[in-house]
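Q: Residues per chain, in single letters:
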Amino acid sequence: MGSLSDRYCIVGVGETEYSRHSGRSTRAMAVEAIGAAMADAGLGPADVDGMMSYQSGDSTPSDWVAPDLGLRLDFYMDVAGGGSSTEALVGLAMGAIEAGMCRTVALFRSMNGYSDFRIGGTGPRAAQPVRALDLALRPFGMTSAGQKFALTFMRHMYEYDTTSAQVAHVRVAHSRHASQNPKALLKDRVTVDEVLASRWIVKPLHLLDCCLETDNATCLIVTSAERARDLRPRPVHVLGVAGRVSKPRTDFHWAHGPTTRVAGYHARDIVFGQAGIRPEDVDVTGSYDAFTFTTMLQLEEYGFCAKGDGGAYVSSGIIELGGRRPNNTAGGHLCEGYTHGMSMVIENVRQLRGRVDDYCPGAAEGRHTYDYSPGRCRQVKDARIAMNLGWAVPSTGSALILRS
Amino acid sequence: MPSVEYRGMSLVIPENDSEWREHFRLARSHRLMLRACAACGLMRYPPSHGCPWCASLRWAWREVGGRGAIHSYEIVVHAIQPGFKDWAPYPVVLVELDEQRGQPTEHEALRIVANLVTPDFRPEAEASVAIGRRVRVVFQDLAEDFALPQFVLTDEPPEGRVWRFPG
Numbered sequence: 005m006g007s008l009s010d011r012y013c014i015v016g017v018g019e020t021e022y023s024r025h026s027g028r029s030t031r032a033m034a035v036e037a038i039g040a041a042m043a044d045a046g047l048g049p050a051d052v053d054g055m056m057s058y059q060s061g062d063s064t065p066s067d068w069v070a071p072d073l074g075l076r077l078d079f080y081m082d083v084a085g086g087g088s089s090t091e092a093l094v095g096l097a098m099g100a101i102e103a104g105m106c107r108t109v110a111l112f113r114s115m116n117g118y119s120d121f122r123i124g125g126t127g128p129r130a131a132q133p134v135r136a137l138d139l140a141l142r143p144f145g146m147t148s149a150g151q152k153f154a155l156t157f158m159r160h161m162y163e164y165d166t167t168s169a170q171v172a173h174v175r176v177a178h179s180r181h182a183s184q185n186p187k188a189l190l191k192d193r194v195t196v197d198e199v200l201a202s203r204w205i206v207k208p209l210h211l212l213d214c215c216l217e218t219d220n221a222t223c224l225i226v227t228s229a230e231r232a233r234d235l236r237p238r239p240v241h242v243l244g245v246a247g248r249v250s251k252p253r254t255d256f257h258w259a260h261g262p263t264t265r266v267a268g269y270h271a272r273d274i275v276f277g278q279a280g281i282r283p284e285d286v287d288v289t290g291s292y293d294a295f296t297f298t299t300m301l302q303l304e305e306y307g308f309c310a311k312g313d314g315g316a317y318v319s320s321g322i323i324e325l326g327g328r329r330p331n332n333t334a335g336g337h338l339c340e341g342y343t344h345g346m347s348m349v350i351e352n353v354r355q356l357r358g359r360v361d362d363y364c365p366g367a368a369e370g371r372h373t374y375d376y377s378p379g380r381c382r383q384v385k386d387a388r389i390a391m392n393l394g395w396a397v398p399s400t401g402s403a404l405i406l407r408s
Numbered sequence: 085m086p087s088v089e090y091r092g093m094s095l096v097i098p099e100n101d102s103e104w105r106e107h108f109r110l111a112r113s114h115r116l117m118l119r120a121c122a123a124c125g126l127m128r129y130p131p132s133h134g135c136p137w138c139a140s141l142r143w144a145w146r147e148v149g150g151r152g153a154i155h156s157y158e159i160v161v162h163a164i165q166p167g168f169k170d171w172a173p174y175p176v177v178l179v180e181l182d183e184q185r186g187q188p189t190e191h192e193a194l195r196i197v198a199n200l201v202t203p204d205f206r207p208e209a210e211a212s213v214a215i216g217r218r219v220r221v222v223f224q225d226l227a228e229d230f231a232l233p234q235f236v237l238t239d240e241p242p243e244g245r246v247w248r249f250p251g
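First to last, the sequence lines map onto chains A and B. Using this note's numbering, you'd call the opening residue of the first sequence number 5 and step up by one each time. Using this note's numbering, you'd call the opening residue of the second sequence number 85 and step up by one each time.
Note that these hints are calculated values from the structure, not bench results. Any given hint could be a false lead.
As the list claims (entries may be wrong) - Partner residues aside, some chain B positions facing chain A, computed with beta carbon under 8 angstroms:
#1 Leu126
#2 Pro130
#3 Ser156
#4 Ile159
#5 His162
#6 Trp171
#7 Glu192
#8 Arg195
Stated by the list, open to error - Which chain B residues face chain A? A few, computed with CB under 7 angstroms, are given here:
#9 Ser94
#10 Trp104
#11 Pro166
#12 Trp247
Stated by the list, open to error - Below, in silico cross-link-like pairs of lysine to aspartate or glutamate (DMTMM-like), each with a Cα-Cα straight-line distance of 20 angstroms or less:
#13 Lys191/A with Asp375/A
#14 Lys152/A with Asp192/A
#15 Lys385/A with Glu284/A
#16 Lys311/A with Glu190/B
#17 Lys152/A with Glu210/B
#18 Lys187/A with Glu163/A
#19 Lys187/A with Asp67/A
#20 Lys385/A with Asp361/A
#21 Lys311/A with Glu192/B
A quick note: this is a predicted structure, and the numbers were derived from the prediction, not measured. Glycine included, C-beta positions come from ideal geometry on N, C-alpha and C.
With the rest of the complex left out, here is chain B (with noise of 0.2 angstroms):
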C-alpha cells in the first residue's frame, strides 16, 4: 500500500499515517477492530489518536462483532465522485453497533457510515433499506492488506419501528 485503487478515487494510506493503516489492513482478516482506550476501556470509531472521554493516548485493538441496527441512511441518486455514477442510486448507511451502545451517556454509540450492498458488492435494493432494519459487517477485499468494511442486511428481527423514507 501507500494506495488503493476504488472506484477511480486513490484511498492514500502513507507509512506514517498512525491512524488508518492498521485498521484496515486487520479489516484484510476480515475482523472488525475498533480502538480500546487503556485507560477507561471505551471503544471509538474512527481509530483517533487520543480517547475522546478521557484523553489518554494508550489503546489497543479490540474486535467487535460486526453487527448492528440502521440508525439512519440516505439514497445517493446524483453520484457526484465519478467512480460512483455507475453505482447509483446507492445507500449510504450509519449503522450502530451492538457494543457499547448508550455508553458513556444515553446519546453515544459506536457509529460507522458504510454503504449497504448486497453479498456481492452491489447497492442494496432503495426498497430493502430502513432505519431499524438489522446488518452485519462484511468486507470487501480491494488490496492484499486492505480491506473496506461494509454492511448487508440480515434476517435478525428489526429494532424497534422499522421506518423507511417514504419519497
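Only chain A is shown next, with the shape it has when bound in the complex (with noise of 0.2 angstroms):
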C-alpha cells in the first residue's frame, strides 16, 4: 500500500448500547450505531455514500439499512466475516474510495449474538447438519471456537511452559480497564485467582478465558485524509493495514506448524511495513481477546515481546492502563461486550483523539485525570500510535495500525 499510508482517515465511531436483550432487530440497532458514527464525524445523509457491513447469516445488510438513515449509496458490499473483517474492510472502504467508487464508506456490525445467534455456538446452530470441512472437525465435538482453537493454546503451554496463571492476566488488565468504561457489560475487576476457580468449558480455557457474547452494532466511518480535513473531529490516520493474512493450509491449518503460530508472523511485516514503524512505536494496542490466550498470542507474533515469552508478557503489567502499552483499554471482547473485533478499533480512534469516553468529568473535552483507579480514567496519555490485532481463527488474522 506505501503510497495510501497517511491518505484515509477513520472521521467517525459509533455503537450501541453492549446488552444479553437488545428487545430489537440488527437493522435497528445498524441504523443506531451508523447514525451515531455520522453525528459523530459531523456527516450528513449526503455525504456517506458507502456502506460495507460483515456478518455470518445473523444481520442485516446495507441496502435494508441504508434507507433508514435516507442515504442513497453510490457503493455497498456485505461479506461473511466475523473476527478480522473489521481491519479488512477499511482496506477494502479505502480501496473502494480510490478507485473512484465513491467518496466516504460507514462500515458496521450488527448482531443480537446473545439473544439470538448465539455467538458461542450453542442453540440451533449446535445441531445444524454436517458438511463438506466440518466433517473433520463437528463429528468428534468440536465445533466453538474455544473447542476449536485449544489445541494451539495447549501447545503453546507444551512447548513454552506458559502458564494459566499468567494468561489470567490479560482478563485481569481488562476487567480492569472495564471498570473505567461507563458502556462495559462486566465492569467488575477480577484477580487471577477468580479466574484459575472459575469453571471449565474446555481445557486448558477457564470461563473467565472466555469473552463475553452479547448483543450490540458497531460503525466507523472511512474517508481520504482531504475530506477528513473538512470535518469536526481530530482524523485518525491509517498508516498500515493487512486483511485476512493467513498461515498454509487454511483447511486444516494444523497440517502446517509450528501449531503454536498465529496469522500475525505472516502479517506483521506488510502493516509495519506500509506503516514504516516498528512495534516499539505503538502506544497501545487492541488485541482480539477472544479469549485470554489470543491475545498473547497476537502480541508475540507482532513482535511485542520474543515467541515464547508471551506469558511472561501479559502477566507483567505491560498491557494495563499506566503499563507500558495498554491492551483493550476500554475492556474488551472479555469485558465490555462482542463485537467481533470493531470495538476494539474505535476505541483506539477514541485513544487518538484523546476523547475515550471515561468516567472523567471533562472527557468529551479531552480534559483527562490519568488517575487509573477503579471508576475513573482509561485515556492513555499522549497516545500517538495504536495499533489492532485481528483475528478470526489461529490460522487467519488482520491488522490495522492508526495515528494520531
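Please assemble the complex out of the two chains, which come individually in their own frames, going by the hints.
A: The structure is reproduced here in C-alpha cells:
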C-alpha cells in the first residue's frame, strides 16, 4: 500500500449499548450505530455514499439499512465474516474510495450475539447438519471457537511452559480497563485467582478465559485524508492495514505448523512495512481477545515480545493502563462486549483523539485525570500510534495501524 | 448414505461429494486411507481436491498404519453440541501420524483430529491423555458404508517429553 499510507482516515465512530437483551432487530441497532458515527463525524445523509458490513447469516445487509438513514449509496458490499473483518474492511473501503467508486464509507457490524444467534455456538446452530470440511471436526465434538482454538493454546503451554495464571492476567487487565468504561457489560475487576477458580469450558480454558456474548451494533466511517480535513473531529490516519492474512493450509491449519504460530507471523511485515514503524513505536494495542490466549499469541507474533515469552509479557503489567503499552483499554471482548473486532478499533480511535469516554468529568472535552483507580480514567496519556490485531482463527488474521 | 446420524447430528455426504465420501467408506473396511499425490508422492489430510504442495489434481488412495503420537489435545468439559452433553468430559486429540513426519518441511506432518476413546468407544479418562503418548487408529462403525476413525492409547513407549495439562 505504501502510497496510501497516511492518506485515509477514520472520521467517525459509533455504537449501541452492549447488552444481552437488545429487544430489537439488527436493522434497528445498525441504524443507531451508523447514525451515531455520522453524528460523531459531523456527516449528513448526503455525505455518506458507501456502506460495508460483515456477518455470518445473522444480521441485516446494507441495502436494508441505508434507507432508514436517508442514504442513497454509490457502493455497498456485505461480506461473510466474523473476527478479522473490521481491519480488512477498512482497507477495502480505502480501495473503493481510491477506485473512485464512492467517497465515504460506513462500515458496520450488527448482531444479536446473545439473544438470537449465540456466538458461542449453542442453540440451533449446535445441531445443524455437518457437511464438507466440517466433517473433519464436528463429528468429534469440536464446533465452538474455544474448541477449535484450544489445541493451539495447549501446545503453547507444552512448548513454552506457559501457565494458566500468566494468561489469566489478560482477563485481569481487561477487567480493570472495563471498570473505567461506562459502556462495559462487565465492570467488576477480577483477580487471577478468580479466573483460575471459574468453571472449565474446554481445558485449558476456564469460563473467564472466554469472551462475552452480547447484542450490539458498531460502526466506523472511512474517508480520504483530504475530506477528513474539513470535518469536525480530529481525524485518525491509517498508516497500515493487512486483511485476512493466512498461514498455509487454511483448510486444516494444524497440518502446517508450528502449531503455536498464528497468522500475525505473516501479517506483521505487511502492516509494519506500510506504516514504517516498529512495535516499540506503538502506544496502545487492541488485541482480539476472544480468549485470554488469543491476546497473548497475537502480541507475540506481532513482535511485542519474543515468541514464547507471551505468558511473561501479558503478566508483566505492560498491557495494563499505566503500563508501557496498554491493551484493550475499553475492556475488549472479554469484558466490554463482543463485536467481532470493531469495538477495539473504535476504542483506539478515541484513544488517539484523546477523547475516551471514561468517568472523567471533562472527558468529552479531552480533559483526563490519568488516575487509573476503579471508576476513573482510561485515557492513555499522549497516545500517538495505536494498533489493532484482528483474529478470525489461529491461521487467519488482520491488522491495522492508526496515528493521531 | 447421503446422511448418517451420529450423536444427534446428521453427517451429510451427498452423492456429489468428491472429498469425503470415499474416505469414510474406506474407513468402514477398517483401513485409514489418505490421498497421495500422483505427481509429488506426498500424502495429505483432510482429503482435498488438489495437492497443497504441487497443485496436481492427480492422486490415489494410500493406506497408512494409523499409528502416531498425540501432538496436542483438549478436554471438552462444557459440550456445545446437544448429542455430546452426556459424553462430556471428552478428549479431542490432534494426532501426528508416523508417516511423512517433518515432510516436506520440518513443521509439516500428517495430523488428524479425532477423539481419544476406550476400546468400547467411550471417552478416554482425562488422566491418561498427554502430549507425547502413542496412539493407534480404531474405527467406529456408524453405517454400512461409513465409519469414523478414532484413536486409542497403545502400550508403546511415549515419544519425547510426556506432558499433561496440570489443571
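Q: Checking one constraint from the list: CA of Lys187/A to CA of Glu163/A, max 20 angstroms. Satisfied?
A: Answer violated: Lys187/A to Glu163/A is near 38 angstroms, above 20 angstroms.
Q: Classify the hint on Glu192/B as holds or violated, based on whether any CB of chain A lies nearer than 8 angstroms to its CB.
A: holds (5 angstroms)
Q: Given Pro130/B was flagged as interface, is its beta-carbon under 8 angstroms from a beta-carbon of chain A?
A: Given a least distance of 5 angstroms, the restraint on Pro130/B holds.
Q: Given the proposed pairing of Lys187/A with Asp67/A, does the C-alpha separation stay at or below 20 angstroms?
A: violated (29 angstroms)
Q: How about Arg195/B: closest beta carbon in chain A under 8 angstroms, or not?
A: holds (5 angstroms)
Q: Given the proposed pairing of Lys385/A with Asp361/A, does the C-alpha separation stay at or below 20 angstroms?
A: Status holds; Cα separation ~14 angstroms.
Q: Hint check: is the beta carbon of Ser94/B less than 7 angstroms from a beta carbon of chain A?
A: Holds. Min distance 4 angstroms.
Q: Measure nothing beyond the straight line between the CA atoms of Lys311/A and Glu190/B; if it is 20 angstroms or shorter, mark the hint as holding.
A: holds (18 angstroms)
Q: Less than 8 angstroms between beta-carbons is the criterion; does Ile159/B satisfy it with respect to chain A?
A: Since the shortest Cβ distance to chain A is 4 angstroms, the answer is holds.
Q: Going straight from one Cα to the other, do Lys385/A and Glu284/A come out at no more than 20 angstroms?
A: OK: Lys385/A and Glu284/A at ~16 angstroms, within 20 angstroms.
Q: Hold the hint about Trp104/B up to the distance rule: shortest CB distance to chain A must be less than 7 angstroms.
A: The hint holds - Trp104/B has a Cβ within 7 angstroms of chain A, the shortest such distance being about 5 angstroms.
Q: Are the Cα positions of Lys311/A and Glu192/B separated by 20 angstroms at most?
A: holds (19 angstroms)
Against the hints set out earlier in the document, violations occur for numbers 1, 14, 18 and 19.
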